[in-house]
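The lines below spell out each chain.
2 protein chains.
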Amino acid sequence: MKQARHPSVDEMTLVAAMAALSDPIRIGLVRVLSRGGERGWGELRAPVAKSTLSHHLKVLRDAGITRTRQEGIRCYVELRRADLDLRFPGLLDAVLAAADGEDVGDQVGLAREGDR
Amino acid sequence: MKQARHPSVDEMTLVAAMAALSDPIRIGLVRVLSRGGERGWGELRAPVAKSTLSHHLKVLRDAGITRTRQEGIRCYVELRRADLDLRFPGLLDAVLAAADGEDVGDQVGLAREGDR
Chain G
3 MKQARHPSVD EMTLVAAMAA LSDPIRIGLV RVLSRGGERG WGELRAPVAK STLSHHLKVL
63 RDAGITRTRQ EGIRCYVELR RADLDLRFPG LLDAVLAAAD GEDVGDQVGL AREGDR
Chain W
3 MKQARHPSVD EMTLVAAMAA LSDPIRIGLV RVLSRGGERG WGELRAPVAK STLSHHLKVL
63 RDAGITRTRQ EGIRCYVELR RADLDLRFPG LLDAVLAAAD GEDVGDQVGL AREGDR
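Protein chains in written order, with our numbering: chain G, 3 to 118; chain W, 3 to 118.
Calculated directly from the structure, the hints in this document are not laboratory data.
Any given hint could be a false lead.
[Stated by the list, open to error] Covered by chain W, according to a simulated footprint, are these stretches of chain G (three or more residues, beta-carbon under 8 Å):
#1 24 to 30
#2 38 to 48
#3 52 to 62
#4 99 to 112
[As the list claims (entries may be wrong)] If the Cβ cut is set under 7 Å, some of the chain G residues that face chain W in the computed set are:
#5 M20
#6 A21
#7 A96
[Claimed, not checked] Anything over 12 Å on all C-beta distances counts as not near chain W; from chain G, calculated:
#8 A6
#9 R7
#10 R71
#11 E73
We treat Cβ as the ideally placed atom computed from N, Cα and C, and that holds for glycine.
Work out the full structure: start from the sequences and follow the hints.
Printed below as a string of structure tokens:
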């Protein structure tokens, strides 16, 4: 993966953000990342093929929801919480609260230490 | 149109609401309806075919965003603001604020008195 293109705060659009956040797996990824910090892609567990997970991570990145960083052969991802709160005040918190209430995306998680 | 089925507040899902609100025409309809009250379908102006507008109104209704009522041969639609605020606190306000900022869906409007 080449260093990925990320939209600036000004380039983010509401329609792309809403579409990115309208899928249970992507909402689950956002919930996991909202617990803080950067995560290696290899740590993420979701009941989908690796190529599908990669696609979901790209959709989130292209919408400005997450930031992806490559270091050697490893990729890392984090939530762009401050940028999202700046561009779409209140949106992320509302989505996370609703997702918690419904347990949307609870099939997404992190690998346990021993699994990596 | 038969009297349409509307999801109860408990039946609404975050994924369906986010998907319904990820289209500029549908966001425009929600913005128009957010200005208050019930509107006749014939009052709504959008740069799409009538069948497409009808589809968008169905997507909004099925997600619980709007309520549709038939009276004789006329259909009316209103925003389910209280239900949305109950089910997804803060979501509608965040979407409307972001949509205002970006002018998303500003191609949707209401017919002027003389046009009806």
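Hints and how they fare:
Beta-carbon proximity to chain W at under 8 Å applies to 4 residues in the segment 24 to 30 of chain G; the threshold of 3 is reached and the given coverage holds. With a cut-off of 8 Å between beta carbons, the segment 38 to 48 of chain G has 0 residues touching chain W; three or more are needed, and the interface restraint is violated. Only residues whose beta carbon comes within less than 8 Å of a beta carbon in chain W count, and the segment 52 to 62 of chain G has 0; fewer than three means the coverage is violated. Counting residues of the segment 99 to 112 of chain G whose beta carbon lies closer than 8 Å to any beta carbon of chain W gives 5, which reaches the threshold of three, so the coverage claim holds.
Residue-level restraint check for G:M20 holds (minimum Cβ-Cβ distance to chain W is 4 Å; threshold 7 Å). The beta carbon of G:A21 is positioned within 7 Å of a beta carbon in chain W (closest approach about 4 Å), and the interface hint is therefore held. Contact between G:A96 and chain W, as hinted, is supported at the beta carbon level, the nearest pair being about 4 Å apart and thus within 7 Å. Interface exclusion of G:A6 from chain W stands, the closest Cβ pair being 22 Å apart, more than 12 Å.
G:R7, annotated as away from the interface, keeps every beta carbon of chain W farther than 12 Å; the closest lies near 20 Å. Residue placement check: G:R71 keeps its beta carbon more than 12 Å from all beta carbons of chain W (closest about 27 Å). No beta-carbon of chain W comes within 12 Å of the beta-carbon of G:E73; the shortest separation is about 32 Å.
Consistency note: the structure conflicts with the earlier hints numbered 2 and 3.
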